[in-house]
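S.K.: As a plain string of letters, each chain reads:
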Amino acid sequence: MPDAIGVDAAASEDALDNPRFLPQLRSQMLKLALLQLNDPEAAEDAVQEAFVGALRNRASFARGAAFRTWVFAILRNKIADALRARYRRREREIAAPVDGDAEADDDRFNPAGEWRPSHRPSRWSDPAGMTEDAQFWRVFEACLGRLSGRTARVFMMREYIGLEIAEICAALEMTASSVSVTLFRARAGLRDCLESQWFKG
Amino acid sequence: MRRCRDISQLVSRSMDEKLGIEDRMAMRLHLLLCRHCTNFARQLGLLGRLAKKFAGSDRGSPPA
Chain A
1 MPDAIGVDAA
11 ASEDALDNPR
21 FLPQLRSQML
31 KLALLQLNDP
41 EAAEDAVQEA
51 FVGALRNRAS
61 FARGAAFRTW
71 VFAILRNKIA
81 DALRARYRRR
91 EREIAAPVDG
101 DAEADDDRFN
111 PAGEWRPSHR
121 PSRWSDPAGM
131 TEDAQFWRVF
141 EACLGRLSGR
151 TARVFMMREY
161 IGLEIAEICA
171 ALEMTASSVS
181 VTLFRARAGL
191 RDCLESQWFK
201 G
Chain B
1 MRRCRDISQL
11 VSRSMDEKLG
21 IEDRMAMRLH
31 LLLCRHCTNF
41 ARQLGLLGRL
51 AKKFAGSDRG
61 SPPA
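Line order of the protein sequences matches chains A and B. First residue of the first sequence? That's 1 in our numbering, and the numbers climb one at a time after it. First residue of the second sequence? That's 1 in our numbering, and the numbers climb one at a time after it.
Hints listed in this document are in silico derivations from the structure and should not be mistaken for laboratory results. Be a bit skeptical, because a hint or two may be false.
[Stated by the list, open to error] Below, a list of computed lysine-lysine pairs in the DSS-like style, where the Cα atoms sit at most 25 Å apart:
#1 A:Lys200 - B:Lys18
#2 A:Lys31 - B:Lys52
#3 B:Lys18 - A:Lys31
#4 A:Lys31 - B:Lys53
#5 B:Lys18 - B:Lys52
[Claimed, not checked] Which chain B residues face chain A? A few, computed with CB under 7 Å, are given here:
#6 Arg5
#7 Ser14
#8 Leu46
#9 Lys52
As the structure is a computational prediction, the values presented were derived from the model and not from experiment. Where is the CB? At the ideal position from N, CA and C, for every residue including glycine.
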């Protein structure tokens, strides 16, 4: 369970004094940067710069958890900068397979285009309180993991890094409609998974 | 009259781009009448907030 260590370290008041905290944090950051940038060197750079930026203000972090939040916020900006620079240069990077239109055979809907009874989104109880539950985040991570790598990557580029559609198109050499289809697939897939694994589990 | 399949896709697109007036009106009208799509729309908004919280939080680690 890759997040178990992070939870322990961050829960402790003096996580920054734990010799394992920073190496673990670093490897988690690298994982995220690598997923987004798909370039080990650029990912190392982004993580390095985020660390330097955050450690400059180390005195203002009483707890490891606050440091972690801060360093990830910086990392997010570094990744966005790197992706945007790529967009400006129109760097041709990975020849990406174009996602087809999967919606034609989306089995959430009947032929008339209405929700099938088994797939109707139901009301979720206490969607705010669950974010305090460590078990919920394990389910969330597992549900993200069920998406294809590419679908998860596009979702995180949009929702976590905050890139615009045009920027994702350029970074991954996808058409706008293909990005939209992929985002729909990611969101609907995550939603289905959370509903079945958490809200009805 | 557009069905839930089209509306759910519009809901997703509306989170990424500004919809045209026709799509926007169709979506709003449908959401007034359909609780399944209303749940869907609300939950998609929540997913975005969860994604932000997830990767930088002290709970989860970034997805592999």
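S.K.: Which numbered hints are broken by the structure, listed smallest first?
M.R.: 1, 3, 7
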